[in-house]
Every structure is written in structure tokens, then in C-alpha cells.
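Asker: Work out the full structure, taking the sequences as your base and the hints as a guide.
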Amino acid sequence: MQTYSLERAELKALRRELVREQRIVNIRRFFRNGLSVVGLVIVLLMVLIAIFAPVITGALGVDPYTSLGRDMRLQPPSRAHPFGTDNVNRDVFARVIYGTRISMTVGFLVGLLSALLGTAIGMYATINSVWDNILMRICDGLKAIPNILLAITLMAVLGANMQNVIISLTIVSIPGVARIARSQALLVREQTYVEAMRGAGASRRRIMWRHILPNILSPIIVQMTFTFATAIISEASLSFLGAGIPIPAPSWGGMLKEARSYVYNGWWMVVFPAIFTGLSVLSFNLFGDGLRDLIDPLSGR
Amino acid sequence: MDKTILQVEDLSTSFHTERGWLKAIDGVSFHVYEGEILGIVGESGCGKSVTSQSVMRLYEEKRTTRYEGKVILSGRNLLELPYRSMQHIRGSEISMIFQDALSSLNPVLKIGDQIMEPLRIHQNLKRAEARERGVEMLRLVGIPAPEKRMDQYPHELSGGMRQRVMIAIALACRPKLLIADEPTTALDVTIQAQIMDLIVSLNRQLNMGVILITHDLAVVAQTCQRVAVMYLGQIVEEAGVPELFDRPLHPYTKGLLSSIPRMDGDSSQPLHVIAGNVPLLHQMPAGCRFAPRCPCATEKCRSEMPPLREVKGKQKVRCWMAFGEEEKHV
Chain X
1 MQTYSLERAE
11 LKALRRELVR
21 EQRIVNIRRF
31 FRNGLSVVGL
41 VIVLLMVLIA
51 IFAPVITGAL
61 GVDPYTSLGR
71 DMRLQPPSRA
81 HPFGTDNVNR
91 DVFARVIYGT
101 RISMTVGFLV
111 GLLSALLGTA
121 IGMYATINSV
131 WDNILMRICD
141 GLKAIPNILL
151 AITLMAVLGA
161 NMQNVIISLT
171 IVSIPGVARI
181 ARSQALLVRE
191 QTYVEAMRGA
201 GASRRRIMWR
211 HILPNILSPI
221 IVQMTFTFAT
231 AIISEASLSF
241 LGAGIPIPAP
251 SWGGMLKEAR
261 SYVYNGWWMV
271 VFPAIFTGLS
281 VLSFNLFGDG
291 LRDLIDPLSG
301 R
Chain C
1001 MDKTILQVED
1011 LSTSFHTERG
1021 WLKAIDGVSF
1031 HVYEGEILGI
1041 VGESGCGKSV
1051 TSQSVMRLYE
1061 EKRTTRYEGK
1071 VILSGRNLLE
1081 LPYRSMQHIR
1091 GSEISMIFQD
1101 ALSSLNPVLK
1111 IGDQIMEPLR
1121 IHQNLKRAEA
1131 RERGVEMLRL
1141 VGIPAPEKRM
1151 DQYPHELSGG
1161 MRQRVMIAIA
1171 LACRPKLLIA
1181 DEPTTALDVT
1191 IQAQIMDLIV
1201 SLNRQLNMGV
1211 ILITHDLAVV
1221 AQTCQRVAVM
1231 YLGQIVEEAG
1241 VPELFDRPLH
1251 PYTKGLLSSI
1261 PRMDGDSSQP
1271 LHVIAGNVPL
1281 LHQMPAGCRF
1291 APRCPCATEK
1301 CRSEMPPLRE
1311 VKGKQKVRCW
1321 MAFGEEEKHV
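These protein sequence lines map, in sequence, to chains X and C. First residue of the first sequence: 1, per my numbering; consecutive thereafter. First residue of the second sequence: 1001, per my numbering; consecutive thereafter.
Be aware that one or more of the hints could be misleading.
To be verified - Using 27 Å as the maximum straight-line C-alpha spacing, the simulated DSSO-like pairs for lysine-lysine come out as follows: (1) C:Lys1148 <-> X:Lys12; (2) C:Lys1070 <-> C:Lys1023; (3) C:Lys1110 <-> X:Lys12.
As the list claims (entries may be wrong) - Computed, partial: chain X to chain C, Cβ under 10 Å: (4) Leu11; (5) Lys12; (6) Arg15; (7) Gln191; (8) Met197; (9) Arg198; (10) Gly199; (11) Ala200; (12) Ala202; (13) Ser203; (14) Arg210; (15) His211; (16) Pro214; (17) Leu217.
Derived from the structure by calculation, the hints contain no laboratory data. Glycine residues also receive a C-beta, built at the ideal position from the N, C-alpha and C atoms.
Answerer: Structure (C-alpha cells):
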């Protein structure tokens, strides 16, 4: 057997160098797209706000639930209350900050749960045509109903609370993920390496979870960021319509619902939750676009 | 040398298509001795790969595929085994190397994880033991610095290296029979020679039977002991390698042999070609399947299918003309 002329240590260093270079190229490719960087920064900011909400509001000495007293009704933004106060004398800033927690929690859990369940459903649909027909026709059926309508119906059945918002939005988001997972799994299933593994005696289940699943993860992760954004806006819509998270919880949608009646004498009640909702949805979409381009540089160019 | 490890009897595989059931291979019989390399040759679409995949039962059964006949490995008919037992035989008693070395490895799993798969599936080895065996296998197939390769991904290896890894995976559980389905098609010529040498040396070292599927007669001449020539889903001639090359009996074999370009040939002459094309499966000729393309076909050839019959010792052939000549000699 021939041996390499390079020393082992040299080879190792060379390889490390190459791997590092590729990583830098990837990162650079992501950052060259300015918008996705803006998206990433805002996403991180939102997550930090959600985690440190009590610290932030604590620093200002405000809190989202307590009434500040009758004379503090509908006060415009000031140094003590940067986003003003609302119709029941609460600090809007504190409520918007705590609203980030609700939106991020709902977005994250819906994204995660729908990705897990959707992937499982999509993968099981590739077992045989019977399963495929049963599972995918159910998904098609769910897709045929407008998302928000379906979510409202589910909320009406389940009852309005945060847990049920997450459940119903997850159900609504599953078909999209399931379709992606199924189509990707069908592609991967035809690859030679899957057949080679069957030839090596691997069972169907082992092939599905150990050999096909890792190959379809990246589009699903991208879809997760989009689901995250959609879930935020859907939760806000549900709460706005009164079918979401019940008051007095500081959900952005719920705040907008209350603010409706005070557009003329309390614009700050509308503007700040609206900006936060729009910004977070936009940033998740931009971030998702960046990720998608990173995984598949040919799409959308 | 004389112990038969695989006996295939009258194997037919049909696929369900829009035109009904089509027999891709029809009544294929052959056997493989321990430690021997059997070549299966034929042009594209003659059923070489279907034969090998049917032996492994790799086609999904049930509605779209139908197997008939027997595939006997160590006394058991593989076609009658329940699915789970078959799963256990694949990769441990029969292994297979696929045509396309470049796409036969999972791009997102490390080499080590993939080589450990059959060991963990069939021998229930723990991770550490499996890893040790994996390194050993990589070393056996001549991969330098095997410990390092275990943690690399397939894209970091060259085509020849990947095919070596595939061979290591196939041999990890020391199978009795290795099916190599055009193992060198995707590789360049120098690497092809290395891989063939490797397969031959492993065949001697481990004393396992090998079915080598190829369309390259030169490879057969260099590596195999016996060879079966396939045409349109049937074996048309089966013989020891020296006999086949010295005295081909079937006109198709003769055609194949004279189609090989010679180093010392007249380069101004066009290369020999076998006239016509392989007919489609649903337009099967009535008599001998080669008759429409055969230069010496008679009426009998066109109406009646010749059987695969032994002539001249161990040489088997499926041709009326060859039977006729034989009778004249006797």
C-alpha cells in the first residue's frame, strides 16, 4: 500500500484550514445579503427582549398589568412612560415588551411542533401509496380551508387560551411542512445510497429515520423560520379578533384590538404594538430568505 | 472449489407496467461455487442488473414485482423467506456493490457511521467494537489513514476511494457471496484496474463467491473463472472463461467477441457491430430471441425457442445451430 508523502500532522492542518475556509465562505455568503443580516439582527434582538423582559421593564419601574391610577389614563409618550399609557391606565411600553414574550413563545413552539409533526407525517406518507393517500388528502383538506378561518374554528372548539392558540396554529401549519417533507423524502428515497443501505440489510424504519431524515432537514429548517413568522401574525390576528389569547395578557394583537377605539385620542396605543408585530414578522421572513439562499443558492436568483 | 453456495433455478422477474406484466428476466438458471468469480455479461437492458437485484430481492414485491423460480442460498429458497429474514440475509450473507460509486454513499453521514451500519444491524456490535472493525475493513480495502477517514464525509473522498469504502461496507459482515454490479462504470480507467484487482484479491483472501456483472469482456477474461452471457432476459451461453473465448457457440457471443476493438487490428476498417437493436420487452420475438438479429437464423429459429442445453462438457448454449453442429461432430 502506498503512503502519502505529506506528514499526518501537515495533512491535518491542511484539512482544518480548508474546513475553516469553507465555513468563512458560507458565512460571507449569508452576510453579503444585507437584508438577511438586518433580519438576523432584529430576530436576535426580539429574542433577547423576550428573555429579558422583566429586566427591561424593571429598569423603568413599570409593569404590564398594574393600573397606574386614574390620572394616568391615555397619557402620551413621556420619559417615564416611553410608549404612553392606555385606556385602563397601564404602561404601553411594558405591555409591548411582555408581548414579545408571547409572540416569540407562540412562534417558536408552533414552528418547532409543526416541523416535528409535519416531518413525521410527510415521512410516513412515503411508506406506501395507501398511507400517502390518507395522510396527504387530509393535509390537502386542511389546506383548502383558509388558515385563519380554520384557526378561529379550532379556537372556538378548544377555548381561548395560549396553549390552544399554539395547538390550533400548529394544526394549521402542519400541512405545509408535511408536503415539503414528503416531496424531499420521495426524492431522497430514490437515491442509490438508500438502495445500497437496503442492500446492506437495513430495515425500512432504520432507512427512514437514520438515512433519509438527515438529508431533508435543511428545507424543513427554512420552512420553520417562515412558520415562525406566520404564527406571530396569526396569533396577533386571532387575538385581535378576540379568538386568541384573552385579556389582560399583553398580546400584541389583543392590544391592537383594545386600541381600535382610541385611534384618535391615543395613537401610541396603536402604533407601538403594530411596529413590533410588523418588524418581527418582517425580520423572520428576511432571515428565512437568507437561510434559503444559503442552502440553495440557485433559487430565487 | 466445488461447493455450490448459490443456486438460481428458473428465476423469472416480472414488473407490472401499463402494458401489463413484463418479464424482464425469463428462466435464468446459474450457480456460483465457493471462492469463484462468475461473470455475467450482456449489453444494456439484457437483464443483468435485474438478475442481481432479484437475487437480493431488492425490488419492492407485492403489486409491482413478481418473482418465480428459486434462489437457493445455503439450502434456503430466498424467494420464499419472510421479509424480515431476507433483511437479515442482505448485507450479512449476500452483499452488493452498486454501479454508481459516487452516489452510493449518503452525503450527510460520516464514512465511519456508514461502514458501521451493517455491523450494528447484523452483529449487534457496540459502537466502539463496530468502529474498530470498520477501521480494519477500511485497511483491508487499501484505504490509507483509515482512522481519519472514519470521521470524513463522502464528498471529501475521491471516486475510487468511495468505491473502496462501498466494498468495505459490503464485506463488513464477511458475506458468502458478493454481487458486484458494474463496480467500475463510474470510475476512470486506472482506478477501474485497481478496483478490479482489489475485488479479485479479496475474493481469494476471503474465499467468497463473487458475481461480477459487466459489459466489459476484457474484465471478464482477466478476472472470472466462468461466465454467463445474457441476452434479452435469458442466459444464452454459459461456459468456463477459456472455453468461451476459444470457442464461442452462440452467434450473439461470437458477435460480442468480434465487436472488441483489437490493438493489432486494421484501424482503417470500421468496428464490427451486431446488426439491429435490442427489441423492447413487449415486442418479444416468438422463437429464439436473438433470431431477428442473427446472421444465420433459420425458420426453426424464428418459430421455436431453443432450450439452454449442455454441449461439449460444461459449456451450455441456447442455439439450434450450435446443437446441430454438435450432432454433426458426434
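Asker: Indicate, hint by hint, whether the structure satisfies it.
Answerer: Cross-check of the supplied hints:
For the suggested pair C:Lys1148 and X:Lys12, the alpha carbons sit about 9 Å apart, so the restraint of at most 27 Å is met. Between C:Lys1070 and C:Lys1023 the CA atoms are separated by roughly 16 Å; this keeps the pair inside 27 Å, and the hint holds. Between C:Lys1110 and X:Lys12 the alpha-carbon distance is near 17 Å, which keeps this suggested pair within the 27 Å criterion. This hint holds: X:Leu11 has a C-beta 8 Å from the nearest C-beta of chain C, less than the 10 Å allowed.
A hinted interface residue such as X:Lys12 counts as satisfied when its beta carbon comes closer than 10 Å to some beta carbon of chain C; here the least separation is about 8 Å, so the hint holds. Interface restraint check: X:Arg15 against chain C, minimum CB-CB distance 8 Å, threshold 10 Å, status holds. With a least beta-carbon distance of about 6 Å to chain C, the hint placing X:Gln191 at the interface is held under the 10 Å criterion. About 7 Å separates the beta-carbon of X:Met197 from the nearest beta-carbon of chain C, less than 10 Å, and the hint is met.
Satisfaction of the interface hint for X:Arg198 is found here, the shortest Cβ-Cβ separation to chain C being roughly 6 Å, below the 10 Å cut-off. Taking 10 Å as the C-beta cut-off, the interface hint given for X:Gly199 holds, the closest approach to chain C being about 4 Å. Interface restraint check for X:Ala200: the shortest CB-CB distance to chain C comes to about 4 Å, inside 10 Å, so the restraint holds. Using the Cβ-Cβ criterion of 10 Å, the hint placing X:Ala202 at the interface with chain C is satisfied: the shortest such distance is roughly 6 Å.
Evaluation of the X:Ser203 hint against chain C yields a held restraint, the C-beta minimum of about 6 Å falling below 10 Å. For X:Arg210, the suggested interface contact is upheld, since its CB lies about 8 Å from the closest CB of chain C, less than 10 Å. Hint on X:His211 holds. Least Cβ distance to chain C is approximately 6 Å, under the 10 Å limit. Look at X:Pro214: its Cβ gets to within about 4 Å of chain C, closer than 10 Å, so that hint holds up.
Annotation: X:Leu217 was flagged as interfacial toward chain C, and the flag holds, the nearest CB pair being 8 Å apart, inside 10 Å.
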